[in-house]
Amino acid sequence: MSDSVRFVHAADLHLGAPFKRVQAADSRVSDALLVAGTLALGRIVDLCIDRDVDFLLLAGDVFDSATPHPSAQHAFRRAMEELNTAGIPVYMTRGNHDPGDGRYDWIDLPDNVRVFSSAQVERVLHEREGRASCAIHGWSFPSREVLDNVAKRFRRDPGDQIAIGVLHANVGDREGWDPYAPCSVVDLRDAGMDYWALGHIHLPEVVSAETPVVVYPGSPQGLDPGESGEHGCFLVEAGPGNATAEFVPTASVRWETVEVDMSDVFDAQGVRRRIMSSCQEIREGSACPVILRIELAGRTAARRLLTGADLTALVEDVTAEQMERSPWVWIDRVTNHTRPAMDVGALLSDPGFVGDLMRDVQEMIDAGQAASFVQEALESYLSKVPTEAQPDIDAESLLIAARDAALDLLVQGGE
Amino acid sequence: MRIKSIEARRFGALIDSDLSGLGSGLNVVYGPNEAGKSSYTALVRHLLYGFTDKRRAERHYEPADGVRAGRLEFDLDGSLWTLERADGKGGGDPVVVGPNGPSNAQDFLSRVRGGVSEEVYRAVFGFGLAELAELESLESIHSHLHATVAGLSVNPRDAYLGLEKEAATYFKSGGSAQPVAKLLRELSAKRKDIRAERAESEGAEADRERLRELEAQVNRAGERLVGERARLAEVEAALAGVAQIHDERVALERSEVPEVQRKLDVLRAAAEAIVVDEQVLARLDELNELVARLDQFESARTQLASSVQRLNELDSANAQAILRVGEGWDAASVAAVPVGGQVEDAAEQCAQDYRRAVDVQAEADRVARLAREREVATRGAAEKAVAAIGISYEPGVNSVVDQRIEAIDRLLASAGSAARGSVLPLILSLMLSLAGAGLTGWAVLEREWPVAIVGGAVLLVALVLAITVARRRHPADVTAYLDILGLVDVPSGTKGLDIKQALYVARDVLKDDDEASTVAVDAERVVADARAEVGRVEKECSKILTPLGLGAVAADPSTALSILRRVREAQGLAQELARTANQAIKLRAQCKSFAHRAVQTGVELTDEQEFSEVAALVRLAVERARDSAKLAGERNEAQREVLVTEKELARLSQRLQGIGSRITETVEGVQLPDVRTLADLEAIAGELAREVERLQGNYDEVRDERARLAERLTAVADDDTLARMSLQESAVIEQMREAGEQYSIRAVAAQLIGTTLRKYERDRQPAVVARAASLFEQITDGRYGEVLSPLGEFELTVRGEGVPARGQDQLSTATAEQLYLTLRLAYLESLVGPESALPVLMDDVLVNFDEERRLETARIIAEFASVRQIILFTCQESTLEAFSKADPGHTSLSLERC
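Here the protein sequences line up with chains L and C, keeping their order.
Converting from the first sequence to our numbering requires adding 83 to each position, the first position being numbered 1.
No gaps in the numbering here: position 452 of the second sequence is 446 in our numbering, and each next residue is one more.
Keep in mind that the hints are not guaranteed to be accurate.
Within a straight-line C-alpha distance of at most 16 Å, the following computed EDC-like cross-link-like pairs (lysine to aspartate or glutamate) qualify [stated by the list, open to error]: (1) C:Lys166 <-> L:Glu459; (2) C:Lys586 <-> C:Glu607; (3) L:Lys103 <-> L:Glu310; (4) C:Lys586 <-> C:Glu598; (5) C:Lys753 <-> L:Glu471; (6) C:Lys641 <-> C:Asp347; (7) C:Lys184 <-> L:Glu471; (8) C:Lys533 <-> C:Glu342; (9) L:Lys467 <-> C:Glu180; (10) C:Lys753 <-> L:Asp443; (11) C:Lys586 <-> C:Glu292; (12) C:Lys641 <-> C:Asp259; (13) C:Lys(-2) <-> C:Glu112; (14) C:Lys257 <-> C:Glu642; (15) C:Lys641 <-> C:Glu342; (16) C:Lys166 <-> L:Glu205; (17) C:Lys537 <-> C:Glu342; (18) C:Lys257 <-> C:Glu635; (19) C:Lys537 <-> C:Asp550; (20) C:Lys533 <-> C:Asp347; (21) C:Lys378 <-> C:Glu292; (22) L:Lys103 <-> L:Glu342; (23) C:Lys753 <-> L:Glu310; (24) C:Lys176 <-> C:Glu681; (25) L:Lys103 <-> C:Glu732; (26) L:Lys467 <-> C:Glu735; (27) C:Lys879 <-> C:Glu846.
Hint data in this document are derived by calculation from the structure and do not stem from the laboratory.
With the hints as extra help, turn the sequences into a complete structure.
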């Protein structure tokens, strides 16, 4: 019997999670998104079976909530039953999104699925041909918010031939992610594991390639425009004191955001060509359909073409064309971050009204009054529109964008 | 910029007219009505900004024929420039010529206009009384003046309003038609749907719980149903048992018992009807024994018959055998001959020895005869052979031949090699001779005479040939050899060889002759020995046969032996006859014994009857006995069936007796409370049946509900409606975000412009307004010392010492014009940008002023003209006078009526 074990490490499936921040107006896009989560899970299962792995590790947030929709639970159960039929065990923890002990409400998971306890770090011996081939240490979130350093509770047993830790945690205090189960790489190293199967961060990353190998597999399917790039899981070969992890893509839809420089664009045709070119580059770099966000940037004389109905019509035209190609590219949104084609710095010293306006903006930003100004300007709007439907642009950026819009009118309007 | 001349080629009423000689400061141009004052003022504007198109054409400036065209000559930074423009596309292309020749018109115009739009120019830099009237709206004044003052091409307030208007296309407080409002409603509807779907999902969770509960209920109901069914089955089984027992009793009483009774009667009658011969039956075993021995008896009887027949045959054969022994022989004499054993063997040996000796003698005679015949043949051949070489056959002939052979060999050897060539024929002839001799010899020995003749012929020919060959040889000097050979000269090669061949043949024939003689002698000796042996055997046989009474034939041992064998045959037949007679006696005794036994067993036999009838009689007796036995068996079987039927009848009687107690036991065996009787049991069965039916109904109901729920839950599990709704909700939210972003940018931009505008008005406008107030106070001679322009409003209010505040609408036309003029002058004074270099053209704006205010206004304008060129047109001499007083050094020009 070989001394090593081969397994698949995945996390953050967030089954049942609604796709947010997207306008999937085309049925091809919405259909693709609706099945993307279960499709990614299916690809993980296929990978397990095709590569004849010893087991599958799921490091938390399998579901998007502790009470996921029945369809999500059934999809998961079907996948687990498929692995059960193939004789592949599954060891899983529950993360901050699907915390708690015990069974899920709707589904009776097959016998090959082992859910780690949330009471303490559990050590489970994985057996192969009647012998313990490796020890898997795992722990589940008991509730949504856990601020303890759980990694310190993990300890390798002296009898472990191979030790693997499964934990849903924020390693290294990563910004933009909930600080749950915070710990450091040093904490992980002190536990004495050979491999750390982490979850929580949705972007794939090999945190440490040295023993212990520490890996965030990321979400197998990107969930929103913020989760751009490739998504998948890791195929791991682990032995005593060593481990190698190979990334395997599983996403069926890819999110991308691209910045398109409009500095040297002067007319609508130029804008169209530049956007088409960006779409083509994105398509060539992706094996699957792409939902694309475009951020127009640069100082351009064509700024006035990049707003309102003109831009909407242009984007719709390009999108229709892109959707007919393979893989398709859906332009979900085009954001105009271009700047007026003028020397803004020089305007600050303008003695006239524009100078006053520029200085007013700068003074507000310097004084930290941008938010209150924006709040006041948008008071009625903000009181009417729910927070989640409000633009997520920050006050300073909004102020700058508003200033540029004003300059468009005040300075360039007469020319 | 200082205009030096204005040339009108075609503009309104002006045709090829010009206004030249303009000074750099104050210029007062006097002209009567229709002299072109307004036209010159407008022409400068059109030359700077282009001729107005037909949509906003100022028709009174359209020439009667031709196109509008004009030219400005002016001084800019100390250089002379010209600007020409003729009406055309886009207002006509300007042509600018500078000190260095033609120049870029657009760059030049941008430079001289200093960002001042046409509208602003018309409001501040080139206006007449009409423009003053048009500019009565303070809002317009403020806007244009602000834009101009701020160095902008767009009025910030217009920008502000435009942005607010744009923002309102996305969102408007209280509005319902804007995208954000629509999206809000759509979002609300989506969320309502989602809540409903979630509620259904949660309901499905409740259904799941209900399903689990139903599972338990189904199990419980099923278990209870099974239990009640079991009880019902038990009761029904008891009832069925009772019914069965009852049916059983009826069947017993009415059917089974009478039937068995009838059967018993029949059986008894049948048993009594069977009569058995007991005596015969009693001897059945013995008869069976006889039958068992019957085959043996039959065999003995058959053998006995055979033995008797054999006895007769043997007796006859024995008599014949005695006769065959020979005459004089009878049974006694035959019996007396000791035959067998050594005697017979000796006689046999004697006869054999005699036959052998006779055979040997005959063979010896035959061999001796052959030897003699061969001796004769070889002697003849030898004689011929030696005669052929010239030698007579006599004793010692062999030596002579050998001597001659040696002589011829030597002679031939010495005859030289010349004769060797002829040796081969000689050798062949000799070999042929030898072959003929051999053949002849063999044929003689074998008495094959034709072959011998052929062989002899061959030999003869071969010898002749050899001699011929030998004679051809010619030996040289061996006279001795020739003498021995009886030759005169040496024979030729062939002849020599022939001689030699003949000699060799003769030597071989002589050798055969010697051998044949030896054989013949030996054969004669053998014949003598054979004859002696025959005599000896005859003597030996006589010794043996004579004691046997065969001395008469002792000389012929074979005949004696033949007689002896016939004696022995007769003796054998006599012995077999005796044995057969003994066997017949024994067999007859056996047959008699069997017949006697049969008689004892009851077989009716008489002494007269032959053994051949015994078997049939015995079989007849046995058959009778067996018939009796069969009847006895039938009788026994009938009696057994009677007994069995009697037992069955007794058992049925017992069953009849036990049925009552069995019913009681069955009823009591149900073990239900208060069940004592069959009626109780029937009542309980009815209740249980109803309960089972009710439980079955409950069970089916629960099971159906469970099935429906399971189906619904499966549908929920496969339903992606909620996900689709969420996706649609996300789309709506994203649209709201986009619309919100567009709205926010515009709303904030509007707010930003508004804020800056208010500050600007607050911080800068008071100086302008204060200056205007100062000028206005000066013009009105202190009557109105204050001009107020509240922030955010477009109302001007004037106030003076003892004069209540009055709005612009409350002022007289002239006073209002004075107020507007002072505002323009104050704004002009505050200008600091390039636009301040633009000349100001005023068309009779003092026409409504009274003398005092006109003079004072003239002073103020003259003062302004100290820093910029001012061209003031008037048709009033009073205005000329006022300016003459105010600035005597001004440039005064005049125009003629067109």
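Against the structure, the hints come out as follows:
1. C:Lys166 <-> L:Glu459: Holds, at roughly 15 Å.
2. C:Lys586 <-> C:Glu607: At roughly 13 Å apart (the allowed maximum being 16 Å), Glu607 (chain C) and Lys586 (chain C) satisfy the hint.
3. L:Lys103 <-> L:Glu310: With Cα atoms ~11 Å apart, Lys103 (chain L) and Glu310 (chain L) stay inside 16 Å; holds.
4. C:Lys586 <-> C:Glu598: Measuring from Cα to Cα gives roughly 14 Å; hence the hint holds.
5. C:Lys753 <-> L:Glu471: violated, 34 Å
6. C:Lys641 <-> C:Asp347: violated, 100 Å
7. C:Lys184 <-> L:Glu471: Between Lys184 (chain C) and Glu471 (chain L) the Cα gap is close to 14 Å, so the pair holds against 16 Å.
8. C:Lys533 <-> C:Glu342: holds, 15 Å
9. L:Lys467 <-> C:Glu180: holds, 14 Å
10. C:Lys753 <-> L:Asp443: holds, 10 Å
11. C:Lys586 <-> C:Glu292: Distance ~12 Å between Lys586 (chain C) and Glu292 (chain C) Cα, so the pair holds.
12. C:Lys641 <-> C:Asp259: holds, 14 Å
13. C:Lys(-2) <-> C:Glu112: violated, 21 Å
14. C:Lys257 <-> C:Glu642: holds, 11 Å
15. C:Lys641 <-> C:Glu342: violated, 92 Å
16. C:Lys166 <-> L:Glu205: violated, 58 Å
17. C:Lys537 <-> C:Glu342: holds, 13 Å
18. C:Lys257 <-> C:Glu635: holds, 9 Å
19. C:Lys537 <-> C:Asp550: holds, 12 Å
20. C:Lys533 <-> C:Asp347: Cα-Cα ~11 Å, so holds.
21. C:Lys378 <-> C:Glu292: Violated - the C-alpha atoms of Glu292 (chain C) and Lys378 (chain C) are around 93 Å apart, more than 16 Å.
22. L:Lys103 <-> L:Glu342: violated, 21 Å
23. C:Lys753 <-> L:Glu310: Roughly 45 Å between the alpha carbons, so the hint for Lys753 (chain C) and Glu310 (chain L) is violated.
24. C:Lys176 <-> C:Glu681: Not satisfied, since the Cα-Cα distance of roughly 68 Å exceeds 16 Å.
25. L:Lys103 <-> C:Glu732: holds, 14 Å
26. L:Lys467 <-> C:Glu735: Measuring from Cα to Cα gives roughly 14 Å; hence the hint holds.
27. C:Lys879 <-> C:Glu846: holds, 12 Å
Comparing the model with each numbered hint stated earlier shows that hints 5, 6, 13, 15, 16, 21, 22, 23 and 24 do not hold.
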